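Those protein sequences? They're chains A and B, same order as listed.
Residue numbers for the first sequence follow UniProt numbering, so the first one is 1 and each next one is one higher.
Residue numbers for the second sequence follow UniProt numbering, so the first one is 1 and each next one is one higher.
By construction, these hints were calculated from the structure, which means they are not laboratory data.
One or more of the hints may lead you astray.
Chain copies aren't distinguished; within one or between two, either way the pair holds.
As the list claims (entries may be wrong) - Simulated pairs of lysine to any residue, SDA-like, Cα-Cα distance not exceeding 25 Å:
no., residue 1, residue 2
1, LYS38, LYS49
2, LYS38, THR118
3, LYS38, GLN125
4, LYS49, ALA191
5, LYS88, TYR65
6, LYS49, PRO164
7, LYS88, ARG112
8, LYS49, ALA129
9, LYS88, ALA157
10, LYS88, ALA115
11, LYS49, ASP160
12, LYS38, GLU85
13, LYS38, ASP109
14, LYS38, GLN190
15, LYS88, ASP11
16, LYS38, VAL192
17, LYS176, VAL192
18, LYS176, LEU93
19, LYS88, LEU67
20, LYS38, ALA157
21, LYS38, ARG146
22, LYS88, GLY77
23, LYS176, GLN190
24, LYS88, ASP130
25, LYS49, ILE180
26, LYS49, ASP154
27, LYS88, ALA182
Note that this is a predicted model, so its numbers are computed, not measured.
2 protein chains.
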Amino acid sequence: MTDTDSPPPDDEAARHREKMRKRKAVQDARVAQATQEKGLLMVHTGPGKGKTTAALGVMLRTAGYGLRVGFVQFVKGNWATGEQEALKRFADLIDHRVMGEGFTWDTQDRDRDVAAATRAWIVAQEMMADPRYHLVVLDEINIVLRYGYLDVADVLAGLDARRPNLHVLVTGRNAKAEIIEAADLVTEFQAVKHPFQAGIKAQRGIDF
Amino acid sequence: MTDTDSPPPDDEAARHREKMRKRKAVQDARVAQATQEKGLLMVHTGPGKGKTTAALGVMLRTAGYGLRVGFVQFVKGNWATGEQEALKRFADLIDHRVMGEGFTWDTQDRDRDVAAATRAWIVAQEMMADPRYHLVVLDEINIVLRYGYLDVADVLAGLDARRPNLHVLVTGRNAKAEIIEAADLVTEFQAVKHPFQAGIKAQRGIDF
């Protein structure tokens, strides 16, 4: 072997092969390590449309496997008629709880909002302890945390105390940093374009 | 009225009110303009997980309204069992066409891939011309365009020629710039975290 600044082409090819071999070894080791069976904490956040509809997809896919889903709706009114009707076809596998009377952003009745959030969180904890569920969805809990209607430390402790194999999906824009930190999978929905900007009104079956 | 450099507080307040009034007028005019009933071209793209599952949610929400959906799967194999089983409960409203034998990324049989993509595109065009459909989903067509198996100008012309009230959703990472440009709504899926990085293997009902 020689030690030169300008190696011949054969050495270049050998070095490339060696580099690729090492890369593959690293990749193989990663795959081998990824063997832990664990319930995931998933987050749908970001300013874009589709977080709720994507959660519907996750729920129905899980139900498609014949696995049971618990669904706690922390904010009333953000689920469209079409989404609710679709859920009805899976009423045997998806337990849907709409909590409280909805939030009172307009009336500023903070005590009522805190009470509703607290009730929803109790139901969520019951579901997370129930071995029948494969997935529990906490829809719009990020909003509730953002407004301080629930304490993020309490929620994190509750998520941490869930059954080891239970998957949990939390949704809502402005997810707290503590939730992102605790999560296994975070999907950020970015709206690159929105039709409202182009002069098109909201339409049934697509926007509401 | 006086003309001074330092107007009294009353003038400040009046100017603020006038500024707010103008802003509101602009906003009202925007809302008034947003009255166009138009079939939207929607795009799910980006490197994050969930584009396909979110498309499932959009389809099932539309079906939840009792509206008919056409679904052309351009790449065989990316729909999980759970997603397919969920679709079956909506077989009365969602027409699902899996086109070709799947793509041959491994065998590099380009002619076969082009033929499969072309057949899928013919089915897509038939669906886009069929007045029974409220929504047509072209799943993974972005991949097909990225590989050059279909011509982007042909696809844009076909999308443009669709019935005016038909909504179309195209999915797949690396959406072509021409598709983004033509779209009314683009949602970019960003993976902030992925469980594979944390040593957790893919799990039924969540990852596949």
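Quick check: which numbered hints come out false for this structure?
Hints 2, 7, 8, 9, 10, 13, 15, 18, 21, 26 and 27 are the ones this structure does not satisfy, whereas the remaining hints hold.
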